[in-house]
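J.: Listed here are the chains, written in short residue letters.
Protein chains: 2
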Amino acid sequence: MGSHEAKPQAFYGAVIHSLSTPGHDLEILPSALLMVNAEGVITSFHKDVKSEDVDRLVDTTSTSLYRLSPSQFLIPGFIDTHNHAPQWAQRGLGQGQHILDWLSAITFPNEGRFRDPAHAQRIYSSAIDGFLRQGITTASYYGSIHPEATNSLADLCLAKGQRAFVGKCNMTRNSPDYYRDASIEQSLQDTESCIAHIRKIDPEGQLLKHVLTPRFAISCDAECLAGLGQIAARNPDLPIQTHFNEAEQEITATKELFPQFDSEADLYAHYGLLTRRSILAHCCYMTPYEFDKLKELQCGVAHCPISNMTVGGGFMAAPIREFLNRGIKVGLGTDSGGGFSSSMLDAMRQAMIASHAKEVESKGKDKGLKIAEAFYLATLGGAEVCCLEKKVGNFEVGKEFDALVVDWERDGVMTMVDEDEDGLGTVFEKFVMTGDDRNIVRVFVKGRVVREVRM
Amino acid sequence: MGSHEAKPQAFYGAVIHSLSTPGHDLEILPSALLMVNAEGVITSFHKDVKSEDVDRLVDTTSTSLYRLSPSQFLIPGFIDTHNHAPQWAQRGLGQGQHILDWLSAITFPNEGRFRDPAHAQRIYSSAIDGFLRQGITTASYYGSIHPEATNSLADLCLAKGQRAFVGKCNMTRNSPDYYRDASIEQSLQDTESCIAHIRKIDPEGQLLKHVLTPRFAISCDAECLAGLGQIAARNPDLPIQTHFNEAEQEITATKELFPQFDSEADLYAHYGLLTRRSILAHCCYMTPYEFDKLKELQCGVAHCPISNMTVGGGFMAAPIREFLNRGIKVGLGTDSGGGFSSSMLDAMRQAMIASHAKEVESKGKDKGLKIAEAFYLATLGGAEVCCLEKKVGNFEVGKEFDALVVDWERDGVMTMVDEDEDGLGTVFEKFVMTGDDRNIVRVFVKGRVVREVRM
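For the record, the sequence lines run as chains C and H.
Following the UniProt record's numbering, the numbering of the first sequence begins with 1 at its first residue and continues without gaps.
Following the UniProt record's numbering, the numbering of the second sequence begins with 1 at its first residue and continues without gaps.
Excised from the complex, chain C in its bound form (with noise of 0.2 Å):
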């Protein structure tokens, strides 16, 4: 994949994107100018230039020129809130069985093959390439329980050049002998471990971060959680991840586990788990107070429709219009493999579609995501989530250029009546419901190029 761009660049074509305004309503420019450093960082965004103008504004003896053609656009890269590595290749397997049976039937086997570190790396290389194909260009990983593995899928990342939180799994019980850490010591040792090595391959943190990961409370003792909770006190730069009210069976099973706690907010704030720094997956059964739990403590939410509506005990759609009326951070993840879809198009679309389910079930009152909150939840949205809004999200100037170039003319996906009839809002909305990876034909990460499509 192409090397770090030495030189500054220059982007001078159509841009799409959500504003940080309240609302964040798009902003669709046909013909706008990015520059870029050689950092990666965008130094200025003039949203309206003439084409003969671009020449003079940008100095080509010193920066690349990047001018799209009219079938092309530029966007934001995807946010992935929740993702699970090495669920890569199991994706589309157990539709309908409920979460703890997927979980013992499918996932615990495939996951606990990930003590071959060589298994790891063949799966995980493909699994980083398949998501950057999709204009992931930031995921949140929860990875499997083995250090080896999971700071394997560090690694890779770096050397993919995707962003990416990783997080080794804590496991300490209610799981089979062969997929369990060894002991609560060694669990959160082995997550020290893999805190260090991220801290080593990028010192800075430019591209990562290790994630706290505790399966989720079933999977987790008291005193497993306590202590990734002292370690998230100790690392305030560290995120933390977990599954939070997915399912019915889940949170019986939780309640059984933990009777002592009223509610699941209760149960990880009351172990130092729920900070702004948290990513909740799911999310999908919330009280009252729960909401204002996750308000006042600035969580966020990862909005996983794809596998909220396929695995996990049937159907269940969040209430993702109550997350936005209240102010709570959310983004989408692709939840893949639950998901059965590693495209955060298909993610957009589903969150639009249990979105409406909502709007019935609420008779009118939650009404269902438009395209551009869709687009905004997996984009700007995810950035607040993970904490990166101030570097992603959308092209802000200080903010870091993570972006895709969309051509909608590539492989016939998309279809317009008339080319020159079809305006750009009207393109990015087919793009939106009818296009895929086949459309994205130049990832951009940190202003480097991680994935080209041969044209």
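Any given hint could be a false lead.
Claimed, not checked - A short, non-exhaustive set of chain C residues, derived as facing chain H with CB atoms under 8 Å:
1. R91
2. F315
3. R349
4. E359
5. G368
Hints listed in this document are in silico derivations from the structure and should not be mistaken for laboratory results.
For every residue, glycine included, the Cβ atom is placed at its ideal position computed from N, Cα and C.
With the hints as your guide, set chain H onto chain C.
T.: Okay, now just chain H, sitting in the frame of chain C:
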């Protein structure tokens, strides 16, 4: 696209299809041999043949032998029971709009353009190519109101080799002047001329049939519906299609126009439009009376989960399990472009998702669809809805060979854990949940190659 094979053909390798026996279980055959004569009819089906015996069973001097690679398997072609050909280039637009609003704002202006034969030719040619690429070997198409354009759609299906029902839309009221039949007489006369056209170009009806297509009662005067009912009675070979109980907004408007009928079932039955040849799109809202009526009259249901969950008034899951339980014929429709996708794989996935919603709504009574059931709906179920079950839908001897060669290795769309570990059933499940058109490398209709991917 490839010319008609003059020779008989034989196919050896993995074959998967639905059985015609009750329950429609999948038959998964790793080493089958299918023989197809020069007319495209399946003449024999050996279900377990050793590789070394193939040469003995197939006389390769007279027969073209096609050995599938280890990464390939053969399935029946997909049958799209509900598809609006003129909406091809508007897919994805108008998400979340209510049905009648979406018709006025997006669809009528778009369909009105098919008055221009050159425009129709261009979009229809692209549409048929697009649907063949998705493995749709049979489609039941709504055309626009224009007879020239509709005849051109039929011509193109025949030329490209797609099996199709092609219908001129009857619309005599409640649409703008620019998109309404000139009169009831003209509407019926145009229908007769379209019927005559297809009988001229495909006299034996090898691939094509005209389908009587009153868009829905809202757009048809009573005399128009009555006239179409009379044409249906005089032409017992012609299928009939309309929209049925799709959305609350549509049902309310229909009741206002036809207060004399208690239900859409009574309405359409009164005009002679409910027969075993009827393909009723959507059927989202069904009373016990209407279930009984559809069963009694042997009507077929075109279940269109993608559009039901996006356009048309929010989110509505049709009672798919109840149709199956009651033995009402049911197949899948992409409903492209109300449905944002032209992929029957997407339709299968969304049918499963919609059925999960129905399972929750019925408190577990109406179980969600299994993958095998979704696949049956997309193939043999669709054939039953179109009264084509003696011709296509699976690989029984005597049926015509409409088939897809699926290759899981293509383009890295699907991922296996270990090539030699994932059994054929697992590979099939992954194809249904994670594959796309790139995995459909060859498409046959009646033994003829109608689409082929460069290897």
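J.: Each of the hints needs a verdict: does it hold here or not?
T.: Tested hints:
1. R91: Constraint on R91/C satisfied, holds at 5 Å.
2. F315: holds (4 Å)
3. R349: holds (7 Å)
4. E359: holds (5 Å)
5. G368: Holds, because the Cβ-Cβ distance from G368/C to chain H comes to roughly 5 Å (cut-off 8 Å).
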